[in-house]
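Protein chains in written order, with the working numbering: chain E, 1 to 395; chain C, 1 to 87; chain D, 1 to 308.
It is possible that some hints are incorrect.
Only some residues are given here: those of chain E computed to face chain C with a beta carbon under 10 Å [as the list claims (entries may be wrong)]:
{"no.": "1", "residue": "M35"}
{"no.": "2", "residue": "P37"}
{"no.": "3", "residue": "S54"}
{"no.": "4", "residue": "N55"}
{"no.": "5", "residue": "A199"}
{"no.": "6", "residue": "S204"}
{"no.": "7", "residue": "H256"}
I should point out that these hints are in silico values taken from the structure, not numbers from a laboratory. All C-beta atoms, glycine included, are put in the ideal place defined by N, C-alpha and C.
Single-letter residue listing:
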Amino acid sequence: MKRVFITGMGVISAIGNTVTENHSALKNRVCGITMPPHSSPDLSQVPLAEVSSSNQLLRERLQVFDPAVTRTTLLALHAFREAVQDAGLTAEQISSDHTALIGGTTVGGMSQSDELYRDVSERYAASPFLSSYDCSSVFMFLQEQYRMKGIIDTINTACSSAGNAIGFGMRLIRSGLAGKAIVGGADSLSKFTISGFNALHILSPEICRPFDRSRQGLNLGEGAAFLVLEGEDEIGPNKKIYAEVRGYYNASDAFHPTSLSANGEGPYLAMQGALGTAGLRAGDVDFINAHGTATENNDESESRAMIRVFSEPPPFASTKSNTGHTLGAAAALEAVYSLLSLEHQEIYPSLHFSAVIPGTELQPVTTYYRSPLRHVMTNSFGFGGNCVSLIFSKS
Amino acid sequence: MDNTELKQQLKEQVIQFLNLTSLKPADIADNEPFFGEGLGLDSIDSLELIVLLNRMYGITIKDPKEGRKVLVDIETMADYIEKHRTK
Amino acid sequence: MLYIHQAVAISPQEIISNKLEVREPSYEGIPRNLLRRMGKSVRMGIGASAPLLRSSPRPVSGIVIGTGNGGTADSYSFLEQMKEYGESLLTPGSFAQSTSNAMASQLSMMDQNKNYNLTHVHRGLAFEMALLDVSLLSLEDVSAFYLLAGVDELSPSNYALDEMEGWYPPETIAGEGASAFLVSGQAQDATAAVRAVATLHTTDVEVVRERLRKFLATHLPEGERISCFVCGENGDARLNGYYKACEGLMDRDTSVLPFKRLCGEYPTASAFALWLAHHKLSGAQNYLIYNIYKGRQHGFILLTGIPR
C-alpha cells in the first residue's frame with residue numbers, strides 16, 4: 001500500500017501565529033485561554049482562547065479585503081499559506097488537478113451570526129455574506145484563491161472534522177486519485193457556538209482542567225491548521241519529511257447526540273482500529289495527544305477507553321489546556337502538535353492538572369521532557385459520537 | 001391556580017417544549033417517570049425542562065444534576081413549581 | 001466500481017409557489033421519541049435511509065451522507081431563540097441538531113452501528129464527495145455494504161439567502177429531498193453500477209467540456225455509448241452554455257432527462273438524479289449525470305445498468 005508522508009505544516013491558534021510560535025508556547029506552558037472580558041464585544045462572559053490577531057490585522061497581513069471573507073476563512077488562509085510554503089509547493093503544484101484540498105469546519109461563516117439573522121429576517125439583499133455562512137465557503141475560497149483544479153471537499157463531523165479531513169486526504173492519495181493533499185481545518189469563535197455550548201452546560205466558568213477530578217467543562221477556542229500530505233512516489237530526494245500518516249480510523253459511539261458512552265466504546269473502537277490500520281500493537285504507541293476537552297463526560301469516557309486499549313496507557317496530554325477546544329480545527333492543530341513532538345523528540349505538558357479522575361487513576365504528563373518517540377497517536381471525538389484516531393510515525 | 005390546573009398546564013408546556021407531537025396531556029400520567037421507562041426522555045430534554053422552569057415560572061436551576069432531582073415526573077415538578085415560582 | 005443494490009427517494013410531490021416541497025411520509029418504524037427532535041432534513045434523510053438499513057443483508061460498514069444545507073434550518077432556529085431570549089438559558093435541542101452530521105449520527109444510534117460515519121458538506125458537490133468516499137471504502141472491503149445518501153431541505157432561511165443572491169430566476173424552481181442507496185463493491189444482486197464520479201470547480205465552459213471528454217474517454221468502455229444524458233439544467237439561462245457543451249459530446253440519439261423538473265434545485269439534487277437514473281435505466285445502458293450548482297461546481301456521474 002502506498003505510503004503517505006507529511007511534508008509541510010501551518011497553524012494559527014491562541015498560542016501563536018506560526019508553527020514556531022506554537023512550538024515555543026507548548027514547551028513553555030503558555031496558556032492561550034483568557035478570562036473575560038475579551039477583545040470582541042460579541043464574546044461572552046466565559047473563558048475563551050482567542051487568536052490574538054483581529055480581523056483587520058489578518059486582512060492586512062493576508063491582503064484580503066473582500067468583506068465576504070469571514071474570520072474562519074482568514075484563519076484558514078493564514079495556516080494554508082504557512083503549510084504550502086513549508087512544503088515548498090509551487091503555484092502549479094497547488095493548482096494541479098492531482099492536488100486535493102480537504103477541510104473540516106463546524107462554524108464556517110457562522111461567526112457572523114448577527115449578520116445571518118439580519119440578512120434573513122430583514123431580507124437584506126445587499127449583504128456581502130449571502131454565500132459566506134456555510135461550512136464550504138471556507139474551502140471554496142481557498143480553491144478559488146489558488147485556482148485549484150483537484151478534488152475539493154468540506155467535512156463537518158463536529159469536533160472530529162479535521163481528523164476525517166486528514167484521513168480522507170490520505171485515502172485519496174493511496175487510491176491514486178490525488179498525488180498530494182492539503183488537509184486540515186479551521187474554526188473561529190462565534191456567539192452562536194458559545195450560546196449553544198452554554199445551553200448544553202458543558203462550558204467551564206474557569207480555565208479548563210483536562211483529566212482533572214475537579215474539571216468543570218471545556219473552554220472554546222479558535223484556530224486553523226493544515227498539513228501537506230504527499231504520496232511516497234511524489235516526494236523528491238531532498239524533500240523534508242516530518243512523519244508518515246501511518247494509521248487512521250473512524251468509528252461511531254452510537255450512544256447519544258452530545259455525550260459519549262460511559263465505557264468510551266467509540267473512542268475504544270477508533271483507537272483499536274487505528275492500531276490495526278497502522279499494523280502496530282498498543283505497546284508501540286509512545287505518546288497520545290488526547291481529545292481531553294475537560295468535560296466531565298469526555299475525559300472519563302476517554303480515560304476508560306484508553307485503559308481498555310492499552311491497559312497501561314502511554315504518556316498522554318491534552319493541548320486543549322493551551323488552545324481551548326477549536327472544534328472543527330482541533331484535530332488539525334493537534335496533528336501539528338503531535339508532529340512537533342515527533343520532530344523534536346519531546347513531550348509537552350498538559351496544563352492545569354492536579355488530581356486524577358477517581359476510578360481511572362490516569363495522570364496526564366505535567367512537565368516538559370525529551371523522549372525517544374517513534375509513534376504518536378492523536379484522538380478527536382465529536383458530537384454525534386464521531387470518533388477519529390490518527391497515528392503518525394517517524395520516518 | 002390550584003395544583004390540578006397547574007399540572008394540566010405543565011403537561012401542555014412539556015409537550016410543547018419537547019415537541020412530543022404524538023402525545024396529548026391526557027396521555028401523560030402525573031406519576032409517569034420522565035426518564036427511564038416512562039416518557040423515555042434524555043439529558044438534552046432535562047436541559048430543556050430547566051429552561052421551561054425558568055421561562056415559564058421564573059425558577060433558576062444552575063446545576064443540571066440538581067435539576068434531575070426535581071424533574072422526576074409531573075407531580076414532583078408541579079410541587080417544586082408551587083414552592084419556588086416567581087412568575 | 002460501486003454497485004447499487006437498493007435506492008429510496010423522498011422527493012417533492014407538490015409545487016407551492018415556485019418551490020417543490022416534499023409531502024413527508026408517515027415515517028413508519030422510526031421511534032416517535034427520536035422523530036420529535038428532528039428537523040425536516042434529518043427526518044427525510046432518516047426516512048429514506050432507515051428502510052435500507054433494515055433490508056441490508058448485513059449491518060452496513062459505513063454510513064456516508066452528503067448535505068449542502070444540513071443543519072442550517074436548526075442553526076437559524078437557535079439564532080431566533082438567541083435573539084428572543086438573549087444568550088442565557090436557551091434550549092439546546094436545535095443547537096444539538098444543527099451540526100451537519102446530526103442525521104448520520106442519528107442513523108448510527110438507531111441502528112447501533114459503530115462503523116465508519118461521515119458527513120460531507122461541500123455544497124453542490126456534497127453528494128458527489130460522499131459517493132467518492134463510499135467508492136473508496138468499497139475497494140477496501142469488497143464484501144461490505146454501505147449506506148450512501150444525499151439530503152437537503154428547503155428551509156426559509158436558505159431559500160431567502162439563495163433567492164437574494166439571484167439563484168432563483170423565474171424559470172428556476174427550488175426543491176428539496178432525500179435519496180439513499182444501499183451500495184457495495186460486489187456485483188451480485190446489484191441493479192446498477194457507478195463506474196466513476198468526477199468533480200470540478202470552474203466557470204470556464206471549455207474546461208468543463210474538456211473534463212467531460214476525458215471522463216468519457218477514461219471510463220466509458222470502448223464501443224459503448226451514453227443512452228441518456230441526465231441533465232441538471234434548472235431553467236437558469238446563464239448555465240445553458242455548460243449544458244450545451246456537454247450535450248454536444250453525446251450521440252445524436254442520446255435522450256436528455258432534465259431531472260430538476262421533478263425535484264427542484266438544491267445542493268444535493270444529484271442524489272435524486274442518481275435515484276432517477278437508477279430507477280429508469282434498463283439492461284446494460286449507460287446514463288451520464290451532469291449537474292451544476294450555482295454556476296461553479298460541476299459533477300459527473302457515470303451509471304451503468306446491470307442486466308438481470
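Hinted contact S204/E with chain C - closest CB pair below 10 Å: With Cβ-Cβ at 13 Å, over 10 Å, it is violated.
Interface hint status, A199/E versus chain C (Cβ within 10 Å): With a closest approach of 7 Å, the A199/E hint holds.
Restraint satisfaction for H256/E [CB to CB of chain C, less than 10 Å]: holds (7 Å)
Residue hint S54/E, partner chain C, criterion CB-CB below 10 Å: violated (34 Å)
Minimum beta-carbon distance criterion (10 Å), N55/E to chain C: With a closest approach of 33 Å, the N55/E hint is violated.
Restraint outcome when P37/E is required to lie within 10 Å of chain C by C-beta distance: This interface hint is violated because 22 Å lies over the 10 Å limit.
M35/E as chain C interface residue, shortest Cβ-Cβ below 10 Å: Violated. Min distance 19 Å.
In this structure, the hints that do not hold are numbers 1, 2, 3, 4 and 6, in rising order.
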